[in-house]
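Protein chains in written order, with the working numbering: chain S, 1 to 116; chain V, 1001 to 1115.
Hints listed in this document are in silico derivations from the structure and should not be mistaken for laboratory results. No experiment lies behind these values; they were computed from the predicted model shown. A hint or two may mislead.
As the list claims (entries may be wrong) - Here are some chain V residues pointing at chain S (derived, C-beta under 7 Å):
| hint | residue |
| --- | --- |
| 1 | G1042 |
| 2 | L1082 |
| 3 | S1086 |
| 4 | P1103 |
| 5 | F1106 |
| 6 | G1109 |
Backbone N, C-alpha and C define an ideal beta-carbon position, used for all residues, glycine too.
Below, each chain spelled out in residue letters.
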Amino acid sequence: GNSVTQMEGPVTLSEEAFLTINCTYTATGYPSLFWYVQYPGEGLQLLLKATKADDKGSNKGFEATYRKETTSFHLEKGSVQVSDSAVYFCALSGGGSGNQGGKLIFGQGTELSVKP
Amino acid sequence: DAGVTQSPTHLIKTRGQQVTLRCSPKSGHDTVSWYQQALGQGPQFIFQYYEEEERQRGNFPDRFSGHQFPNYSSELNVNALLLGDSALYLCASSLDGQGAYSPLHFGNGTRLTVT
Chain S
1 GNSVTQMEGP VTLSEEAFLT INCTYTATGY PSLFWYVQYP GEGLQLLLKA
51 TKADDKGSNK GFEATYRKET TSFHLEKGSV QVSDSAVYFC ALSGGGSGNQ
101 GGKLIFGQGT ELSVKP
Chain V
1001 DAGVTQSPTH LIKTRGQQVT LRCSPKSGHD TVSWYQQALG QGPQFIFQYY
1051 EEEERQRGNF PDRFSGHQFP NYSSELNVNA LLLGDSALYL CASSLDGQGA
1101 YSPLHFGNGT RLTVT
């Protein structure tokens, strides 16, 4: 079945460091890929998405490119801030026929802590 | 513009009891999905409601049931609670018709503790 694997955390970085959080997936067909972020005490917020191979999703300085050849969707940011401290989830949707949306398969999450 | 709201925020129940969690979707959304997030894990899909019917279901037992009302709000019911049901329950809303591309809007969740 479909699955998502993320690099384990926690990840601790200094402010202005470069961030990479690895995400690989297994899916049939052509899934849509997402990164969600969860701040302490809050629900998940969509950070970015990509719906087809070679698409690049971007938002708030974060980027991720849908790589079908390596089944990956790694999250990157060139210069992290303390306010980026949160848990990041990679997720996929679809990949098969008849998907009506709303059914996401999530990775286990990667906790990011950014120190001043 | 109100986002997804869930109630209550926290709940403590005893093993064997039943619980009902509530969700109001974001304005303009007609589809509600429920997720269970165990501590330190990613959310797992429970089921989705559209047009007052369960449309998709994840790998959860029949003890988990739901309902959607004409105003699109939804309830999640869990019967015969087990200790393993302790988790954060997230409600997410979306607009039907966007297929697998539709981004979900999540509420802040209900933290259920079963003792």
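Against the structure, the hints come out as follows:
Residue-level restraint check for G1042 of chain V holds (minimum Cβ-Cβ distance to chain S is 3 Å; threshold 7 Å). Violation of the interface hint for L1082 of chain V is found here, the shortest Cβ-Cβ separation to chain S being roughly 22 Å, above the 7 Å cut-off. Of the supplied interface hints, the one on S1086 of chain V is violated, with its beta-carbon coming no nearer than about 17 Å to a beta-carbon of chain S, more than 7 Å. The interface hint given for P1103 of chain V holds, since its Cβ lies 5 Å from the closest Cβ of chain S, which is under the 7 Å cut-off.
The criterion of a C-beta within 7 Å of any C-beta in chain S is met by F1106 of chain V, whose closest approach is roughly 4 Å, and the hint holds. The closest approach between the C-beta of G1109 of chain V and any C-beta of chain S is roughly 5 Å, which is under the 7 Å cut-off, so the hint is satisfied.
Consistency note: the structure conflicts with the earlier hints numbered 2, 3.
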